[in-house]
Every structure is written in structure tokens, then in C-alpha cells.
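Chains A and B are the protein sequences, given in the same order.
Using this note's numbering, read the first sequence as starting at 20 and increasing by one per residue.
Using this note's numbering, read the second sequence as starting at 11 and increasing by one per residue.
Calculated from the structure, these hints are not laboratory results.
Do not take every clue at face value.
Residues from chain A shown here face chain B by an in silico Cβ test under 7 Å; the list is partial [stated by the list, open to error]:
#	residue
1	135
2	136
3	143
4	147
5	154
6	194
7	204
8	205
From a predicted model like this one, the values you see are computed outputs, not experimental measurements.
No residue lacks a Cβ here, since even glycine has one placed at the ideal position from N, Cα and C.
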Amino acid sequence: MIYLYWYLGIGAIVLAVVYGAHYLTKDKESDSLRDLLEAVNPDRKKLSYRILNNIVAPVLAAVLVVAVWPVAIYMKIKEMLQKKESYVSTEEREFAVEREHLLERLTVQEIERREVVTDPLNAAPDLPFGHLHAAWREFLQGKADGAELWSFSAHWQTTWGRKELRCGYAVVQDGAPGNHFLTVWKDLPEEQEADANTKQVHVD
Amino acid sequence: MTAQIAERLKYQGEEVAMCTNPLNDYFAMGGFNPKFESNCTALWRGYVGSWEIVEDRLYLVGLSGTIEGGADATLATIFPDFPDRVFAHWYSGTIRIPQGKQLEYVHMGYGSTFERDLFLDIERGVVVAIRVRHNGKAESDNSPEGYGVSAMTVFPRTGKGEGESA
């Protein structure tokens, strides 16, 4: 019998610790959040819901903690370990132009000539890279004197396995590619997703 | 995560839901990004763009959103010199337009599936191919037709007293 008392006594201590930790760390439910939750679930306003939520559930939880406190400790440790693991986020690989992606060395004038955007509805500035002209000028400002400009095309796989095609222009300094400016950035499908009713239209 | 409100596309005279965000690419490629504010779990990007295909070209013709600080955003917020129509020459990729009845509702991103997907392949703002993928037939005649979001939470904005849930 003495073992039972010890067991329940430890359970009571665990309950006090768990309750204290919960009380100290829980976020207070704001009025706006309460309004939102009540709008989503109108039952929250009912007396029966409040009795269940505020009295029955906590009492049952307390009885359970005292009765099977080793499980509560196990669950708490597991939760803490899982939280720790979730903080270790996988960082997205950062795209960078490599030498094998380089296609052709070009001057600023050559690039700007080939990248002028025209639109029959005049919905884009008649400038190199159209709506991205300011971004292009900013890119050029970061180019060191003597650095070269090259066009590039790269197949790239993200950390999550998505395949992409990225094309554009890169600054090359002493043979090493550096900053780049994108003109095409698109996902590449694993396979042609559909072929029925396929219509090919003319590209300008 | 919550299913996301789709962009709108006027295509062949019809207004349809477009489950692709070409404006994201504009921001990622260095275009001016006014920093949108999200006040709804179904619209994390903070805006809804209205698009149009004219003569096989993709145009952004409207925008509705909120920028940080609470001001309303329009097309002119991003493209001040082109407040009515913007040629999306920066966009290369595939636009997805779900069609028919819903096969499965997925409460995340644009994950829900429909009887058909119409794909418009775009190269630098120009439609180069159109494809249709058949995904199956809805088991019930009562299955919802067209793209929609079933639930979301709208966060109240401080000082304006706005906020609702659906």
C-alpha cells in the first residue's frame, strides 16, 4: 500500500509542476481571438461547452496525470525533443551561376538591344527589360569596372526537389561568375502533364 | 495552412480562377515589391490580381490588396506609370486553371483537385501552348463546381475594427 501512496504522491507533484508550467507559459486568449473562435464555433458560447472545457476536461486531465504520471513525463520529454528537432530547419539551397551555365559574353549594349520589350497595347515601357528596367540598372550599378557580362542558362534543383530553369545574365570577374539578373525563372515539369487538346500557338 | 484564394483571369470572355501567382516572379526577379500585409489565412500573399489574356499575351489588369501599414494597394502601387494594364513579360511558366467539379478538397495552397486542369504555357508573357489534363470524374453530382476556399480566418486590423471569420 505504501508504494501506491508514493506513486500517487509523485503523481500529485508532477501535476503541480505541469499545472504551474502551463499557468506560467500559456498565452492569454485575447478578446479578438476569442471573438474569432466563437464566430467559427458558436458552441463555445454555450454553458455546456464551457462546463466541459473549463471544468470537466481539466479535472479529467488532472486525474489522468496523477494516475499515469510516467506517461505524462514521457509525453512531455517527447514533445520537448520534437520541438528541438523542428527548430533545425532545412535551408533552401541558394542558386548561383556556375561556369558551365555560361553561354555567351555580351556587352551591355548588345544585351539591352535584345531585351527591349514591346507590347501592342503599350502595357510595358519600351525599354530593355520593360517593367524590370530599374532592377536591371541597379544590377549594372553593382558590376565592377572590368567585369564581363555573360548570358547563362541553368537547370537547377531546389532543396525540395523541384526542377527549375533559370536564364539571364551574370557578372563574370576573373572567370568566376558572380551576381546574376534573371530573365526566365520557371518550374520544369517532371513529365509532360497533358497532351490532349494541345494547341501550339505562334511565339513572337 | 489554409487553401488560398486564387487569382482571377479573364480568358476567352469568361472569368475563371487562376491557381498561379505570376506576380511572385516579378518580385523575385527584382521588381518593386510594396510589402503586402496578410490579414487572412486564405491570402498569405496579401493581394489578389486580376489578369487577362489578350491576343495570347498575359496582362495584369487589376490588383486588390493591403500593404504594410494598412493602406489599400492597386495596380498603380506597383506600376505607377501603368495603372490600368501591365504586360507580364517577366513571366515564364505554366498557368493552371481548374475546371469542372471538385474531386478532392485540400485545405492547403492550391492543392484541391478538379475534373480537369487547363494549363497555359507562357514564355515571357506570351502563351505558347494550351493543354488540358483530365483528372477523373466526380463521384457525386453534388460536388462543388469551380475553385473555392471553404474556410479561413480573418485577422482583425488594429484600430479599424475589421475582422470576421468564415
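Verification of the supplied hints:
The restraint placing residue 135 of chain A at the interface with chain B is violated, with a minimum CB-CB distance near 10 Å, outside the 7 Å limit. Annotation: interface hint on residue 136 of chain A holds; nearest CB of chain B at approximately 5 Å, less than 7 Å. Nearest Cβ of chain B to the Cβ of residue 143 of chain A: about 4 Å, under the 7 Å cut. The hint holds. Among the interface hints, the one on residue 147 of chain A is violated; its C-beta lies about 11 Å from the nearest C-beta in chain B, farther than the 7 Å criterion.
Because the smallest distance between the Cβ of residue 154 of chain A and any Cβ of chain B comes to about 3 Å, under 7 Å, the interface hint for this residue holds. At a threshold of 7 Å, the smallest CB-CB gap from residue 194 of chain A to chain B is about 25 Å, leaving the interface hint violated. The criterion of a C-beta within 7 Å of any C-beta in chain B is met by residue 204 of chain A, whose closest approach is roughly 6 Å, and the hint holds. Because the smallest distance between the Cβ of residue 205 of chain A and any Cβ of chain B comes to about 4 Å, under 7 Å, the interface hint for this residue holds.
Checked against the numbered hints above, the structure breaks hints 1, 4, 6 and satisfies the rest.
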